[in-house]
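Asker: Please build the complete structure, drawing on both the sequences and the hints.
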Amino acid sequence: MGRIAGWLIGTALAAAPTLSMAQELTVWDWKSGDPAAANYFAAVKTAFEAAHPGVTVNFVMQPHDQYYTLLGTALGSSSGPDVMLLHGGSQATSRAEALRPLNDMAEGFAGVADFTAGDKTIALPLTIQGFVVYYNKALYEAAGLDPSKPPQTWDELKAVCDAFKAQGTVPCFAMGNKEGFGGDFFLSSLAADLFTPEEQAQMATGDLPWTSPHMRTIAETWVQTSQDGWYPEGANATAKFMDEYEMFMRGEAANTIGLLSDVAHWKQFEEFLGPENVGVYVHPAPGTSDLRLPVSGGIGYAVNASSANADLAADLVKTLSAPEQAAIFAVDTGALPASTAVDTSALSSPTLGTILGLMNGPTSPLAHAVMAPTVMEEWHRQSQLLVSGETTVDDALARMEEIRLQAKSN
Amino acid sequence: MARRTIGQAERRFAALVLLPAALLLLVFRIVPLLWGFALSFTNANGLGSADWVGLANYQAVVADEAFQDALVNTVLVLSTLPVWIMLPMLLALLIHQGVPGGRIFRAVYFLPAVLSSVIVGSIFNVVLRFDGSLNAALKAVGLHPVDWLGNGWTALLSLVTVYLWSTFGMSVLIFMAGLSTINQEMLEAAKLDGARFWARLRFIVIPTLRPIIEFVAVVTTIGLLTGMFGLIYVLTAGGPGTATTLPEFLIWLEQGKLNRPGYAAAISAVLFVLMAGVAWAQVRIMSRNADL
Amino acid sequence: MAAAGKRERRSLWIAAIPMALLALSCVYPIYFAVNNALKTSKGYILDRFGLVTDPTVQNFADAWGRARFSEYFVNSVLVTAGAVGLLLLLSSLVGFALAMLRFPGRRFVFVAILAALMIPIQVVLVPFYRTVEGLGLLNTRVGLVLAYTAFFLPFSIYLMTAFYRGLPRELLEAARMDGARFLEVWWHVMLPLGRPALLTLGILNTLYCWNDVLISLLVLQDRRTLMVGIAALRGSTRPTCRSSPPGSCWRRRPSSSSTSSSRGASSAASPWAP
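Chains as they are written, first to last, in UniProt numbering: chain A, 1 to 410; chain B, 1 to 292; chain C, 1 to 274.
Hints are computed from structural coordinates only; laboratory data are not their basis.
Every residue, glycine too, gets a C-beta built ideally from N, C-alpha and C.
Honestly, I wouldn't trust all of these hints.
Stated by the list, open to error - A few chain B positions that, by computed beta-carbon distances, are all more than 10 angstroms from chain A:
id : residue
1  : G7
2  : L55
3  : V75
4  : G277
What the hints assert, rightly or not - Here's a subset of chain B near chain C, in silico, CB distances under 10 angstroms, partners left out:
id : residue
5  : L16
6  : P32
7  : W52
8  : V53
9  : Q97
10 : V146
11 : I222
Answerer: This is the structure:
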């Protein structure tokens, strides 16, 4: 035991903190250990350190599930990171008071609105995120459908799902709602087509009542599609990431609502199904012929307002989201860049071509991403209970409205 | 030797031994705890600013339907406690009595405990999901598949069963350690006198094991209330609805996802009181039995 | 008498059957994990249950080569060894005192330790972090050793106390009669007698410290322990082997950052010690 104590004192002395002489900027993210993004982070480090001699950039990757817990713990104290990666929407805007304004740098980016609180821009977006429906052309053909003509209206989509139901081999849509993300994605996909500009604005400020007609349409359609057998059994026990998408990649479901960046996107699906078998379309909604692509800022970099080197850190954010660096990230990971100056010609795939075309058409913000966190959490729960039949549309909407008002009053 | 000096030496030694432990606990556990309690009276948002709001958080917790559901789930989970104590104790006894292959069992039972809960969760995710291996087995013998994790009742039951599977080996190990203090000569003598297994259990084994039983009961209770986060996260994410939401998961949700540390602290305080109550009752029951 | 013994033997043989089945269920995950760790990412997604057809050790090689894992490993070994040593020393001393010695306030100390056992970790995160920071222990291995010791000490003391309470107090009195000092009683009597419990405790605490992610994340922010390195990989990327024992599951490729929701997972501390 005495030896152990002596050894302990030994390590204690050996582990004394070493103070760095040069200036150091710390960046927190959940990406920098990812081999696919390695070239991007190396490029940023090289470019920034060359332009600022004596400064070291230190990327610290945190586990994603504890990321915001850790950030909340560190932000108030002096030891928080200088720069941090954030998701667009409420995770970014609810931290606005701890972040340095970046308004003067926000020119030339799409999706800045999702990183803006009031009139303060708090982060520069790196990627664009959004929802499209990906479909398996081989399965369409097997069900007697024309794979070159994806559904453009709600009735056409119903016809597609009826065909898959009649055939009975695979479900129409893969569905994972274990965390309630299935409900989120469905809501945002339909809301993009349904909501008027006024309703979108109300949604963003938390003023759109859940009892309004379009909200009711969404909830009723969610229940109806599930009763009509669009989804496989066990949706509430299936994780969206990645159980649902793996099902689609194995060719066990005909359609899935997927993403534009990061994962569950064209690049990943093409890898499994072959580029010739992946198709893409915008999710239609009942009662309207409008088709709008739901998109928003994906992830972006913000500066800690209490950082000792806040201005230097803002410079780093500029480098992190600069066109040359963002292009590397886009090409390597298949994410859609937020900087409008990025050259995407190196990304080539028929599906991506369709997506880029859709992005030039009508778009709409992601409705679920602007919900207050407590409201979103309740929608996760209610969307599960609606699928399992443990609640009715009326009860669920009444509960959602109650939570919305509570969130609004706080 | 005078009695006085024994007492004095005893006290001095105890104080000397307790001091470093007490200091560590005070600095790293008690002070943060009190600090955390103080947070529960504020509207802290995790960004540094916080205003005093009195009991508002506690009022909100009591009125919170998700928290009420979590309390009901807690009671359901705690009602399985006897299984958690008796099963490992029985297994440890059988191994101690020389069941064939006992040494191997003891080692193997501990294997799941070595795996972190995330890994256990991932494995059972594949086993229990609707198109998982358990349902495949049920279908093979002509039974109906069950949506184990997608149904309120079965989800909570599955969760508890998986957690039991992943931790019973530790309790077996602890009971084995406790059994090693039993006076072997007494046990052999009883055996020679013809005392059956159950009689030996009742009159020799259980009385000796009493502190260990109490320990396993208390620690298991605390584990059920504060150790299931990893499994919940991977297997059910608290759902469907709130069917598998336990207070601990709610705390994480409020703190990490909803960004309301003050509110999370209030739930934690309630959870702490709840645990202390259950543990106190257990210690009381065990020590009353000791007097019988 | 002999008949009774024979019957008992038979009962034990019968009991061995369900026990063996239970044991089998405990081995299955190991097979599952190793089998899948040898699959490629694509192979796993396409066939989760089947036996690996084209085994690859690339997953292991990838993981070791990337992100300074050997350095993380050294950190984990040093910190775990330090904390477990300290925990065994302190808990056997305090357990001996609480179970055998008579001193005023014994009950209070015991209750305080029980209470410390019940603190949910999430609520103390912020204050704990500030305390560590205030003591200048942030980003030091000593800080992490002390933090682990403090976190798992109530559990360890409680176990040692429960164990020593099963021993007769006459042991202490007999030794004292022989003129031994308390420290000598502890060293010559309590430590040897406590071996089964200390062994158990050593195993459990090693697991807790080794598997911990949350405390390590807070204290060692720019150096890492192994499980944190793994958790960080898991959080950011898609699984290649999905389910495998600690230290052998690696994930590749981008994922997450999809919506404003978090995913991936890591356990807070350990299954038992809160």
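Asker: Let's test the interface hint: is any C-beta of chain C closer than 10 angstroms to that of B:W52?
Answerer: Violated. Min distance 17 angstroms.
Asker: Say whether it holds or is violated: B:V75 keeps its Cβ farther than 10 angstroms from all Cβ of chain A.
Answerer: 20 angstroms, holds
Asker: May I ask you to test the interface hint for B:Q97 with respect to chain C, counting a Cβ-Cβ separation under 10 angstroms as satisfied?
Answerer: 6 angstroms, holds
Asker: When you look at the beta carbon of B:G277, is every beta carbon of chain A farther off than 10 angstroms?
Answerer: Holds, since 28 angstroms exceeds 10 angstroms.
Asker: Should the hint that B:I222 touches chain C count as held when the rule is a Cβ pair under 10 angstroms?
Answerer: 6 angstroms, holds
Asker: Once the closest CB in chain A is found, is it more than 10 angstroms from B:G7?
Answerer: The assertion about B:G7 holds, with a minimum of 27 angstroms to chain A.
Asker: Go through the hint on B:V53 and say holds or violated, using the shortest Cβ distance to chain C against 10 angstroms.
Answerer: 17 angstroms, violated
Asker: Taking 10 angstroms as the cut and beta carbons as the points, is B:L55 off the interface with chain A?
Answerer: 16 angstroms, holds
Asker: The hint names B:V146 as touching chain C; please verify it with the least Cβ-Cβ distance against 10 angstroms.
Answerer: 19 angstroms, violated
Asker: Less than 10 angstroms between beta-carbons is the criterion; does B:L16 satisfy it with respect to chain C?
Answerer: 9 angstroms, holds
Asker: With 10 angstroms as the cut and Cβ atoms as the points, is B:P32 at the interface with chain C?
Answerer: Since the shortest Cβ distance to chain C is 4 angstroms, the answer is holds.
Going through the hint list in order, the structure does not satisfy hints 7, 8, 10.
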